[in-house]
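**Q** Chains as they are written, first to last, in this note's numbering: chain A, 1 to 298; chain B, 1 to 404.
Honestly, the hints are just simulated from the structure, not real lab data.
A few of these clues could be false.
[What the hints assert, rightly or not] With a straight-line cut-off of 20 Å between C-alpha atoms, the simulated EDC-like cross-links for lysine to aspartate or glutamate are:
| hint | chain 1 | residue 1 | chain 2 | residue 2 |
| --- | --- | --- | --- | --- |
| 1 | B | LYS97 | B | ASP63 |
| 2 | B | LYS240 | A | ASP85 |
| 3 | A | LYS149 | B | ASP185 |
| 4 | B | LYS310 | A | GLU19 |
| 5 | B | LYS130 | A | ASP192 |
| 6 | A | LYS118 | B | ASP163 |
| 7 | B | LYS130 | A | GLU198 |
| 8 | B | LYS130 | A | GLU222 |
| 9 | A | LYS290 | B | ASP388 |
| 10 | B | LYS62 | B | ASP84 |
| 11 | B | LYS130 | A | GLU225 |
| 12 | B | LYS292 | A | ASP284 |
| 13 | B | LYS310 | B | ASP349 |
| 14 | B | LYS239 | A | ASP85 |
Since we're looking at a predicted model, the values are computed, not measured.
Here are the chains, one letter per residue:
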Amino acid sequence: MSILVDKNTRIVVQGLTGEAGSVHGNGMLEYGSTVVAGVTPGKGGTSWESKKGVKVPVFNTVEEAVAKTEANASVVFVPGVAAADSVMEAAAAGLPLVVCITEGISIMDEVRLRAFLKQAKTRMIGPNCPGLITPGQTKLGIMPGHIHKPGDIGVVSRSGTLTYEAAWQLSALGYGQSTAVGIGGDPVQGTDFIDILELFNRDAATRAIVMIGEIGGTMEEEAAEFIRKNVKKPVVAFIGGQTAPPGKRMGHAGAIIQGGKGTAAAKYEALRAAGVTCVQSPADIGRAMKERLEGKAA
Amino acid sequence: MNLHEFQAKEVFRKHGIPVSAGFVAETPDQAAEAFTKLGGAVAVVKSQIHAGGRGKGTVYEKDLKTVRLQGGVKLVKSAAEAKDIASKILGHPLVTKQSGPNGRIVRRVYVEAGCDIARELYFGAVLDRKAGQPVLMASTQGGMEVEEVAARDPNAILKEHWDVGYGLQAHQARRLGFGLGLSGDSFKEFVKLAHAVTRMFVACDCSLLEINPLVVTKSGAVLALDGKMGIDERAIELKKQPELAAMADVHEEDPVEHEAASYGLNYVSMEGNIGCMVNGAGLAMATMDIIKQAGGAPANFLDVGGGANKDQVKKAFKLLLANPDVKALFINIFGGILRCDILAQGIVDAVKEVDVKIPLVVRLEGTNVELGREILKNSGLKITPAVDMGDGARKAIEAAGLKK
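Next up, chain B with everything else stripped away, as it sits in the complex (with noise of 0.2 Å):
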């Protein structure tokens, strides 16, 4: 789960990062409000969207072609200017290189005071997996994307990685301090800084946390002037956050997936034209790799998991069918835990239930599969049984008119 700017600065603010002051405005009368209350000479409009790239994005239309301003992260010097940005900006699409082509509907605006940039780092921390343990990450490379500076100079990029039992040392943070050059006052904030990010980043479950850039100030303060949180969804399931679960932006997300997920269903959903259900991670992406390979597209992948009931089932399949581009459905189940009876079972009321009008192809093995292949067999409905999941790739296929 993603948070917007301005909620992981206010969270931020509570574990002791250093951020300016600001202020959210939904309409453009709100951020003339906020420039005033600022009370600086300058200040900062910025969207509120969860994607990356927002400062050299483009604010469209509806249309999705008629240019409303260039650039979603705007600095403006009175009232009356923050209203016009702000005004350009709300309730318009915003598409930057990471909210797909459609961009995202800015509802938001968040208006900082301005400051005086002497350095622009980049400063973040995320999960190593290898390690096991999370990695706090520095480069002197402020505002390009860690990836980019990576991929061409991985030296550039200095690494602590730290125990979540003991938490990170003082000689690790100074370590990061000295290696970006940083000396006096600046220095010791970023000491301070470093500890509470590591603190943050174990108290809220973070799976991403992302300060870019992490500026200097001409004064010699350390400021986090964008953020960028992301949470571990587990700990959001497990309610163990919920202050943080609270902040979710359903209009961020893709609707069906989050209906699904509130019935305990996992769903993708993806642009082809076979609608997938699947019990399993891994037998989900290797159906998608075994319906691509052979001339195909899924549609959508709905993962029933390993303890279905016959209601989710149900629940699965009206998700599947809500998607007008399915042309037909491949149900490819390998019971473990999963029993083929009751997945059979959950079918045929599904079927009889929702009127399903699509070809269903249907391939199951696993536990109880002979009980559930004589419940299709005798419910009278029309469903084409598949012998591997070769043979209903290749038969949902072509039931869904892509190959004949």
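Extracted from the complex, chain A is given alone in its bound form (with noise of 0.2 Å):
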């Protein structure tokens, strides 16, 4: 088992046709995720060949490929200008899941889209995320397959990177993932630590959680009190940027400590207050596990 996405899981993705989208789709296709779909407007009609010769259908809008395919998820890698648009698109045509890769959205739309998603049945993943992997069944996303292996940790972050750097360290340890969510790191999200938190929680399959939080805002905070209150599996946690100077953007727009509010130091002690274990390098999350898995003290 897993959560959000499986086997079952048929794939629409827009702006296949598109430079990111063309790479991906076929990434994701070799991982043997269930691509049914393409849509580019404009070039609906006609087919989309991955390099292995698999012809994908694509459509003008999302609406006539859940018609024609039954896909039930979309992965969005359509440029930043469009992006918002496209979710609205996909939450308008009733996916229940869209995953949204695309970097750089503007933040105002980023705020329309959040209102927009509130009166929807829709899940948003990103934007500006890797996407989710359930290994050896599906991957939604840019995330390099083989460093992942099917197993019971669930990993949930906000950094790409990182997420990959932590499915790494558990697959090179023997600890494979039932599934791994990058949330992304922009300032508004579509889903959050609680909600991926509540699913794995929740999800049989998924023994215990790795979670990659980093500074700015007080997501990680509200997580603690979540993980106190409901959370009864191990979880494993790493903060990134406890080294970084106030105010200064290391990446992420979400990535930075204001007023004095967001700090690694603030966020650790709400994580080892609720009985997570905390690492302070992130070449440790791995062995963090594995010790917690064992019984040793972390």
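Mind assembling these two chains? They're in different frames, but the hints should get you there.
**A** Written out as structure tokens, the structure is:
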């Protein structure tokens, strides 16, 4: 089992014929994902061919793609100017899950998107995220598949590369992942830590959880409160940006300490108080999980 | 991207936010002329830099020791005085508590008509991340930093979220106006201003808009006495705001960060001696953490992002090495979108072209990692491989000579 996606997930790729969509359309097919449709306005009726010769029909609208192919999730590779609209289109077509990979959507568009999705029954992962993968079954995103192994550790992270880092460390120690989710590093996101923690907590196939946060905002503190009240499964956490100077943006628009709020120290304190095993070094994530699961003091 | 006060006020005027008359001056003579054109008994000469706390700042000689003028914002009563003050400020560094120790060179002053202040209020708008909505903030403690007020008494700040689809509603603006204790014409003007601010915040893709202070004059008028505007960088990159983008002041940006941005690279300068090339903001922060925890200090970070090509990697190398403090390079890449072989080839090309003389520690993992390692191994270059990021950080620190 897993959360959100599995081998039955039928994927429509918005922007499949574009550069990024094409590269990762291939990547997803190679991993074994079921990509049933592409959407590129103006290219409806054509088809896109993967490097290995798999033909995927391309539609003008998501609505049409869903009607013809029974797609039940979308992955968005549309450029920043149009990505928010693409997510809204997928939501309007009734898809329950949209994964928005696009980086650099304007904040005002993200604000509008959040307001739009409040009225919809669609969960958005991202934007500005690597997507999610249920190893051995399907991936909706851009992560390298080979570093993941099927297993029972859930991974959730604000950072793309640190999701890979954690998965790679876990896999190397023999711990596979139930599902790994990159929720993205933007200030306004579709899905937060609590949403994913709740799913992992309910998922019988997830035994333990790795959570990778970063400075800025209060999402980690809220997650800590949720863990304290609800989660009995072991959780290992790392917070990026412990040594970041206040006010300096290190890359992610959301990763900034402002007015003394959003420090790593405050996040670690909240997580420790919730019984979470915290690591200071990103190189220790896998090891800490192993120790926690084997019952040694971390 | 931030605007200068005079630029923000130009935008305010276009959006119906009341401001005093004023002129920009780049020379002392222009400042005198501006005073005469304003025609009043008093005017204020205001230094234009992208840092707060100008009024309480100090203008120094270029040695940053000899004081030329206390205060970067001065009240003047004649054209001659405007000229004198401008000549003390222009071309010299102004150090404020937000400017950093070297201050910022003042290239322009804004000469603004004086006004009779009855009350000073605070008014601003920012994005509330948790709510996923912008929020208006108002307080009766104008002139103070809002973070300071919030830290002392969170209840002293009135807040009103608004839905960008529906726009601010009249009752919301009224609630703030009553909360600030306004009445009569001042109240009506404030309500209008609140609507104008929210419309402008959305129309201009603002990340921050601050009017501190917002003043009520003795005749009851409401005026934006100061103006601070931050524009969402993404909106600029997506070319949604060409007019505002044209207002960018390169003198206020780190020149290397600016150059990196023009190549689609994200550069952050720091104070240590290890140059770092990474992919992804999260990995940049984690790399910084691991270097600092191991006793080292990064000099800079270059995030090559997801889809870097060979030319970008080459450019990234040059930018990192442009900093003379860099004593070793640490390349920490976990290739997802970015393929390790492309990166490795970029490294090899760059090292050959740029003539890198300092030690190079490389940790590669991810897509096509075997190909990437092969390219590095066969290049004949002296590269220290690292097995994981902890190992890489330790080796980079050692190479930089911080720790033996």
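**Q** Which of the listed hints are not met by the structure?
**A** 3
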